[in-house]
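Going left to right, the sequence shown walks through residues 1 to 354 as the UniProt record's numbering numbers them.
Note that these hints are calculated values from the structure, not bench results.
Do not take every clue at face value.
Said to hold, decoys possible - Here are the simulated distance ranges between beta carbons:
id: 1; residue 1: Ser-280; residue 2: Arg-13; range: 44 to 54 Å
id: 2; residue 1: Ala-110; residue 2: Val-321; range: 18 to 28 Å
id: 3; residue 1: Asn-193; residue 2: Trp-316; range: 20 to 30 Å
id: 4; residue 1: Asp-67; residue 2: Lys-123; range: 32 to 42 Å
id: 5; residue 1: Val-42; residue 2: Ser-195; range: 56 to 66 Å
Predicted model only: the values in this text are computed from it and were never measured.
Note that the Cβ used here is the ideal one computed from N, Cα and C, for glycine as well.
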Amino acid sequence: MFALAADGKSLERIQYTPLADWDLPSPEIAPGFNTRTNADLVDSGGAQALSAADIEAMKAEGAAGADIVAALTANSATFAAKTEFSQDKYRKKKARKYIQVATVRRPTAAAVCEAYFSTSPAKTAYLRADALALLLSLANIGAHGRVLVVENCGGLVTAAVAERLGGHGGVTSAWAGGKGTKQPSLAIWRHLNLSSAQRAAMRFTPLSEVLAECRQQQQQEQAAEQAKNKQQHGEQQPPAGAAQLQQQQLQPPFNSCILAATNLSPLALVRHVLPLLAPSASLAVFCPWQQPLAEAMDALRGQGEVAGLALHESWWREMQVLPLRTHPTMNMSHGGGSILSGTVLATDQQRQQQ
Numbered sequence: 001m002f003a004l005a006a007d008g009k010s011l012e013r014i015q016y017t018p019l020a021d022w023d024l025p026s027p028e029i030a031p032g033f034n035t036r037t038n039a040d041l042v043d044s045g046g047a048q049a050l051s052a053a054d055i056e057a058m059k060a061e062g063a064a065g066a067d068i069v070a071a072l073t074a075n076s077a078t079f080a081a082k083t084e085f086s087q088d089k090y091r092k093k094k095a096r097k098y099i100q101v102a103t104v105r106r107p108t109a110a111a112v113c114e115a116y117f118s119t120s121p122a123k124t125a126y127l128r129a130d131a132l133a134l135l136l137s138l139a140n141i142g143a144h145g146r147v148l149v150v151e152n153c154g155g156l157v158t159a160a161v162a163e164r165l166g167g168h169g170g171v172t173s174a175w176a177g178g179k180g181t182k183q184p185s186l187a188i189w190r191h192l193n194l195s196s197a198q199r200a201a202m203r204f205t206p207l208s209e210v211l212a213e214c215r216q217q218q219q220q221e222q223a224a225e226q227a228k229n230k231q232q233h234g235e236q237q238p239p240a241g242a243a244q245l246q247q248q249q250l251q252p253p254f255n256s257c258i259l260a261a262t263n264l265s266p267l268a269l270v271r272h273v274l275p276l277l278a279p280s281a282s283l284a285v286f287c288p289w290q291q292p293l294a295e296a297m298d299a300l301r302g303q304g305e306v307a308g309l310a311l312h313e314s315w316w317r318e319m320q321v322l323p324l325r326t327h328p329t330m331n332m333s334h335g336g337g338s339i340l341s342g343t344v345l346a347t348d349q350q351r352q353q354q
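Take these sequences, add in the hints, and give me the full structure.
What follows is the structure in structure tokens.
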């Protein structure tokens, strides 16, 4: 962890523990009767004797943040009359304002998701870290998987899939439209510092091209099957090389699919990608709202193409754990969205080919 140095221009490494609370003096809070109360305190704006100019002068002299907080508490006319809880809350409020602390973290998918959700949640379609983890789990993302992703989360879902694949497998990130369609912004994956093997396992292409490849592949398979039936003694095909195997993992059929395009209809999107998925493929659809997924689940049940349909909602609560003050935080997100999951069934044509 790093804090602003005395010169105000550089960072210096510090040893920080949550109990120390930036080395601020804090009285021990123990159960018992206390005559102090906040009922008689009036917020008139004149309780603080230290002016803004005085604080700026302390900063210019290189005073540490803890010294500024100590000066604020010493020059507050109402601080001594506050309860222990209010005093501790006052210190922490001033510490967040005047003590600049930065933590260096590894840019994992979870860390990047938390950062965007706390600052710019609209850029990731309000996808929370717990919902992202549940999405990867329900889609059965793992090594040697062939994954199809359709999202408008800035590339966060694609990056999380590539991170979990670890360079073994492939992820195709597609967007609705053809060649002339403008590609949505998917640049968040660059923040994860992925390895060269993980980057090589990623592919970005319009959804129409993936559908065209699927139709072309089906025609080639039918032609190969007909030629095999006519030929009694066919030659054995040589084994595919590493480059060819990598290319095959980026093409249909896919054995996992994640749909997180919240600007599109979930039902229409599922119907478009079903021909691209292999039998027994895991399907997971994310949406910030539950009603579109409920309608999609009802329609898919009648079609009989997806089995084991279930609607999930993650439960995430941040807790404040302090002596005599353990409770959920006062400000938090009320929901992390809903996820529809299921398993793709084989079509009649696929059963005949088997």
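Open item on the list: Please list, smallest to largest, the hint numbers that this structure does not respect.
Closed with: none
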